[in-house]
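Student: Read off the chains here:
Protein chains: 2
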Amino acid sequence: MGEAYGQLMSKMKEIETVGQIQGLLGWDQEVMMPPKAGPLRAEQLAWLSRTSHSMMVETEMGEVLSAAEEEGADDEITAANLRLIRDAYDKATKKPADFVERFARHKSKSIRSWAEAREKDDFSIFRDDLAEMIDLNRELAEYLGYDDNPYDALLDIYESGLCVAQVDPLFQGLRESLVPLIAAVGECESPDMSWVEASNWGEDAQAQLSHGISAAVGFDFDAGRRDKSTHPFCGGANPDDVRWTTRYDENEPFGSLYGSLHETGHGLYEQGRPRQLDFQPSGHANGLGVHESQSRLWENQVGRSLAFSEWAIPHWSKHFPENMEGVTGEMLWRSVNLIEPSLIRVEADEATYNIHIMIRYEIEKQLINGELEIDDLPDAWDDMYEQYLGVRSPDRKQGVLQDIHWSMGAFGYFPTYTLGNLYSAQLLAAARSDLESEQTLEEMWAVGNFAPLLDWMRSNVHERGSISTPADLIKEATGQPPSPQPFIDYLRNKVERLYNVTV
Amino acid sequence: MGEAYGQLMSKMKEIETVGQIQGLLGWDQEVMMPPKAGPLRAEQLAWLSRTSHSMMVETEMGEVLSAAEEEGADDEITAANLRLIRDAYDKATKKPADFVERFARHKSKSIRSWAEAREKDDFSIFRDDLAEMIDLNRELAEYLGYDDNPYDALLDIYESGLCVAQVDPLFQGLRESLVPLIAAVGECESPDMSWVEASNWGEDAQAQLSHGISAAVGFDFDAGRRDKSTHPFCGGANPDDVRWTTRYDENEPFGSLYGSLHETGHGLYEQGRPRQLDFQPSGHANGLGVHESQSRLWENQVGRSLAFSEWAIPHWSKHFPENMEGVTGEMLWRSVNLIEPSLIRVEADEATYNIHIMIRYEIEKQLINGELEIDDLPDAWDDMYEQYLGVRSPDRKQGVLQDIHWSMGAFGYFPTYTLGNLYSAQLLAAARSDLESEQTLEEMWAVGNFAPLLDWMRSNVHERGSISTPADLIKEATGQPPSPQPFIDYLRNKVERLYNVTV
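One line per chain: the protein sequences are U and P, in this order. Heads up: the first sequence at position 129 corresponds to 121 in the numbering used here, and the numbers run straight through without jumps. Heads up: the second sequence at position 151 corresponds to 143 in the numbering used here, and the numbers run straight through without jumps.
It is worth saying that the hints were derived from the structure and are not from the lab.
Repeated chains share a single entry, so a pair holds when one copy, or any two copies, can fit it.
No more than 25 Å apart at the CA atoms, straight line, and that leaves these computed lysine-lysine pairs for PhoX-like:
1) K220 to K28
2) K3 to K86
3) K5 to K28
Turn these sequences into a full structure, and let the hints guide you.
Tutor: And the structure:
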């Protein structure tokens, strides 16, 4: 190890330590903090963020980084650390300080006007702030730099190396296959949800069910926690301290359980990070898309399978003996797989979800490139929903005002959700061909044997940290570059079994 | 405000912010942290502590502080801030870095050997480490400096300005009055505890009782929390985020409720700090003795009064309807005031508690001054217990090995517990003479009217922060320097009413 590289890594350890503390305070803010503590908590978080930022952008960091790059890399870990630190350093230093401040100030302002606009169902309240946020994102793209498309610079923030040339064909493939599939399902009869609607689903029993199922698929509660919060998330400090949350609705139990499985998936990834790379950038989980692949895997590919439903029935019955009387694994499976076009992204099913994302992606691309005017946005949104999902919002709050992301200045973030779905199907297909010699994965899940799949993800994804770029990680793990095909195949197969529909 | 003073205060704001974060992480560690997260949490806390320490001891801090002192102080706040920062700076810089490290290393070692010694009931396991800890404390006293007695330097760490010349007469007064009082009570019949022992006291109901009573005396749960932990404490980040804990024993409900009232007292003090002095040293709560006065006030002077017991009966009955059948306010009052010499400090009652402390104070003074040899310590401990409390430990673990403090290197800490008891009685007497024109305080408490007393503490103690030294604060609030007499009067009066004993 070179001398400069050693210095660099000890600087990174400090920055990482601050990040762990930020993770804990962020969790506490959502889960534990008393209401009046908000303003001083903001001071604490601002100090941590200033401290971490100045450690990253100080002149000495740039010098040590350059010196370490001069020393060169003899192995993939060193090369990955240098690549990741260079990327983070460039992203942090390319933005002028006054821009960072303008952006942060405008973000606070536009989150407020978005919330007001949504509450009053009036896009005009948010219009000017959104227009300015788009301008700020264009300015940001110029600072960060790009080859072809300014939107590429924004995509790259959330998933390193992602660009329009990569994403366009993925969404095109999805659109061509999913839109007719969803339309065909729309002609079919919906599954029987009466057993769900007829009962009350107590919060304590839901919590125990979620906890038990999370532990059964492999979440280590000695290195993490489950709590309740308004917006479910997975956070915490490090692989020994992973904290996920859920929320409860006593009218229906799926939101909490499948939310828990989703966050468990994120949590399993964090707990599976390569511990010999603690405090090194290459030891971090990979981009947002790969992270989402792990949450979607356990939530959907595993959790919404027939085998899983059959395995889970005794767990359900233990916590809800009366409600579950006469409910079979197949009834449960059909109920958790209701496919139905709807207006709200966060409530969408596996099939329609990606169409919600595709619409946002197309709109973002056009907004950033000046191909869509702000005043045409609300109707363009509704038109695309009608075109691709066959539904049209009766108001703005269920239309263009539904998501917080743009008010926060996060353009380029949405596509990572769909990448997660695509990656999860592609990874599962690869795991299947490695593991299914004597038993299918479904046969393992039916008896609660999730370890082989988790172990495969551990070796091929979790323990690889950020050593490769996201796209390379997928290629190394599956032998193929990212593709929409495994997801399309998975969904076609599922819809055929559920609705007897072939498209 | 001078320029240097402004710089100084913004440095202090940063240090204070780090302290708030440390407070949160410390709370989390005891209350929320999953078991495996310990080692990396230690890294986070070590980074915060290093960062805060280097901000305090950096050369620039010394220069800015001197320059601010040159500018001078026009008001009591500025004067107090300068005095407190000078004190903290001197304490931080007088110790050589290698000493700080040796001390920290030896502390870890001797906490372990103390724990082992206590578990195996074998003083010899701890002997050498304790001897070295005493030497380290003598060395520390030399670095910090003192006028008369090296032990003064150690007392001053925990309560600014405290010294043997102040503490000796307090303990002498206490000893002369309490020892015969306790002996006289020993001749009397014990109160009836059968109603307590006959019932099971469910944890949830205990938690609700504690919560309700804490809120009733004035704790603001919008600016704080109650949780469960192995060792009860009051911590958190700042006056908007005060977090106290308790523990539960289903065999008896007093430990939890009175522990809760104790921590509530600490919490009320924190919540009552002067908010215009946020981030300034003068806005902090005063020394440990004053802090303990507030916890003891609500736990004992208020909480163990007959009036409080009578007011509390409906709360008890609400949460424990069956257990409380036929229990009167007077029965409750007698049960929570059992006076009985015992071996264990943390379980001691109001009267005997201070004798436990007095014994430790005398022993510490002798150990630091070389008047007591380490090998004579265990028997000296037992002899003093026999002399003053009439009880002798059958083993070492209930004797000299019972407390963790010395293994942590905390010599000079114990006396602040008794100071708290003395201050609380002296403050209550002063509040009484200010407030009792139409009603006695007891008449107010009997109907749950705790606001007048809390308001008096707010104005005379809480809102005064650390503007005055602890001894001056007591003098300003009560018109008298710290004295044991109000506490002795209070206890004599109580014992007379409880046991019909006059000494």
